[in-house]
Amino acid sequence: MTDVYIIGTDMIRFGRFPDRSVPDIGAEAALLALDDAGLSIGDIQALYCGNLLEANAAVGQRILHLIGQTGIPVVNCANACATGATAFRLGWMDIKSGLHDLVLCVGAEKMGKGLIGSDRKPDGISTEGLLGSNTMPTIFSTLGMEHTRKWGTTLEQFARVSVKNHHHSTLNPKAMYQTETPLEDVLSSEMISYPNTKLMCSVNVDGSAAAVLASEKKVRELGLMGRAVKVRASVMTSDPYTEHDLVLPDFSTCTRLAARQAYEMAGIGPDEVDLVELHDCFATAEILHYENLFLCEEGEAGELIDRMDTYLGGRIPVNVSGGLLSKGHPLGATGIANIYEVTTHLRGEAGRRQVEGARIGLTHVVGLGNACAIHVLEKTD
Amino acid sequence: MQSPTPRTVVDFLKYGEDGSLYLEGHRCRDCGAVYFGRRSTCSKCFSRSRMDAVAAPPRGHLYAYTIVHRSFPGVETPFIHAVVDVEGGGALRGTLLGVPPDPDDIEMGMPISITFEDAGQTDREGNRYMTYFFRPA
Ligand SMILES: [Zn+2]
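Residue numbers (our numbering), protein chains in the order written: chain W, 26 to 406; chain C, 123 to 259.
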């Protein structure tokens, strides 16, 4: 089977675009990625489009209506917060299978403001507050407290994740926020769900990202080896049975399962990874995923952030883009945006936030339901 | 028409023959996993049609929690969202009452009793509802 390469990728600066449609922002990212590859939509053989909140609205086809109706197959996919990574993986599967040599993957999302979750009403009354809470912060805050229970992780340690990612975003012109956010600001912002304050919750923004994938044959034909980035592993999992999963969604077990498979597929160990973009939907989540991705020993995630090991320039930089906490989290675009970020570093084009000498990077997302997707990317020569 | 006895907020909160409320679990005859809510297949061991309905004891231990300060519009905060390991197997999530909403006052692993109380809300037809709460044992 052929290896699969990223030959073009880009994202728009995340923000709020009340006057633009989802296909409109998706089309912009698609054209940017095509330009990056030096290709036209006429070269593309299939489109995989990720969008969650308009999942029934043929976003992929409507992107082609804006940039070129070539008649290629289009698949629209929705997979919670793993939607973008799922679209990317569908493209990877397509090339890997030998069906096509050039495909385009796009993720696009427009978000409302405020809490995500559902205020479901079984038999007519609201259970919010009555049977606990159905909000997203509740889930990830409870998971943070589970970590505190096991390892004594402190409020300050969780908060330092947010300080770091906001710091990193000051180096990323495509991040929603680009402001230094000291620990006292993080701790004194509104408490949403203990221990996550408002500045420890990801930002609801609109955004889009895209990637062009190619077979090895096509990369050589186009003379793009060197700038192309190789996909060393693409893995997805759902949530295996664990004792609390049905009442407290377990994102750790599915991440660990995916991470083991991804390291095996890539033939590397966690110590060979030069940078990681992981799913920091809440500050508590990033702490959990340090251990889930085997970036440190079990129970040592709090020390990892205390030692600043996951800062740019540290032992294993995590979320140098600013992450979901500061770059923003447009659900369907997130999984491709983090692939754009890692690819940019592997190409040595990340400017002030460049992880020096980066050769291998890992991207990770999870979605409630649950879905986990991990990609391992490698520089080519 | 208003129902004579209050309805229950979830289908696994049931009235027994004597009219008292209990939590109905389903225990897998093959692996022992306990679930709340109706089901016929075990997601742990995949065995089919071997789920026995059991009345779960109304007690357990606090597994994890968060204090919810921001909720949907109109919902009173703060409140404690809790995950409780039920004695005999299975886990539930719900609201923990009877403890101040402060991490210094909430102890992981603390014994919990599960109480059945009026939900304090009616639906559009005026029906009353019974729910379960967690309280320190
Ligand atoms: Zn079973």
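The set of hints was computed from the structure by calculation and includes no laboratory data. Predicted model only: the values in this text are computed from it and were never measured. Cβ coordinates follow ideal geometry from the N, Cα and C atoms, glycine included. Any given hint could turn out to be false.
Okay, the calculated bits of chain C under chain W, using three or more residues with CB under 8 Å as the criterion [to be verified]: (1) 142–150; (2) 169–182; (3) 186–200; (4) 212–224; (5) 249–257.
Okay, derived cross-link-like pairs now, SDA-like style, lysine to any residue, Cα gap no bigger than 20 Å in a straight line [said to hold, decoys possible]: (6) W:Lys121 with W:Pro274; (7) C:Lys166 with W:Asp275; (8) C:Lys166 with C:Arg151; (9) W:Lys121 with W:Lys243; (10) W:Lys175 with C:Asp207; (11) C:Lys166 with W:Lys175; (12) W:Lys175 with C:Arg151; (13) C:Lys166 with W:Asp28; (14) W:Lys223 with C:Arg151; (15) W:Lys223 with C:Arg250; (16) C:Lys166 with W:His125; (17) C:Lys166 with W:Lys242; (18) C:Lys166 with W:Leu271; (19) C:Lys166 with W:Tyr266; (20) W:Lys223 with C:Lys166; (21) W:Lys121 with W:Thr267; (22) W:Lys121 with W:Pro98; (23) W:Lys223 with C:Asp207; (24) W:Lys223 with C:Asp224; (25) W:Lys242 with W:Asn395.
To see whether the hints hold, each was checked on the structure:
{"no.": "1", "hint": "142–150", "verdict": "violated (count 0)"}
{"no.": "2", "hint": "169–182", "verdict": "violated (count 0)"}
{"no.": "3", "hint": "186–200", "verdict": "holds (count 12)"}
{"no.": "4", "hint": "212–224", "verdict": "holds (count 5)"}
{"no.": "5", "hint": "249–257", "verdict": "holds (count 4)"}
{"no.": "6", "hint": "W:Lys121 with W:Pro274", "verdict": "violated (32 Å)"}
{"no.": "7", "hint": "C:Lys166 with W:Asp275", "verdict": "holds (14 Å)"}
{"no.": "8", "hint": "C:Lys166 with C:Arg151", "verdict": "holds (12 Å)"}
{"no.": "9", "hint": "W:Lys121 with W:Lys243", "verdict": "holds (13 Å)"}
{"no.": "10", "hint": "W:Lys175 with C:Asp207", "verdict": "holds (16 Å)"}
{"no.": "11", "hint": "C:Lys166 with W:Lys175", "verdict": "violated (24 Å)"}
{"no.": "12", "hint": "W:Lys175 with C:Arg151", "verdict": "violated (31 Å)"}
{"no.": "13", "hint": "C:Lys166 with W:Asp28", "verdict": "violated (36 Å)"}
{"no.": "14", "hint": "W:Lys223 with C:Arg151", "verdict": "violated (45 Å)"}
{"no.": "15", "hint": "W:Lys223 with C:Arg250", "verdict": "violated (36 Å)"}
{"no.": "16", "hint": "C:Lys166 with W:His125", "verdict": "violated (39 Å)"}
{"no.": "17", "hint": "C:Lys166 with W:Lys242", "verdict": "violated (44 Å)"}
{"no.": "18", "hint": "C:Lys166 with W:Leu271", "verdict": "holds (11 Å)"}
{"no.": "19", "hint": "C:Lys166 with W:Tyr266", "verdict": "holds (5 Å)"}
{"no.": "20", "hint": "W:Lys223 with C:Lys166", "verdict": "violated (36 Å)"}
{"no.": "21", "hint": "W:Lys121 with W:Thr267", "verdict": "violated (32 Å)"}
{"no.": "22", "hint": "W:Lys121 with W:Pro98", "verdict": "holds (17 Å)"}
{"no.": "23", "hint": "W:Lys223 with C:Asp207", "verdict": "violated (29 Å)"}
{"no.": "24", "hint": "W:Lys223 with C:Asp224", "verdict": "holds (18 Å)"}
{"no.": "25", "hint": "W:Lys242 with W:Asn395", "verdict": "violated (35 Å)"}
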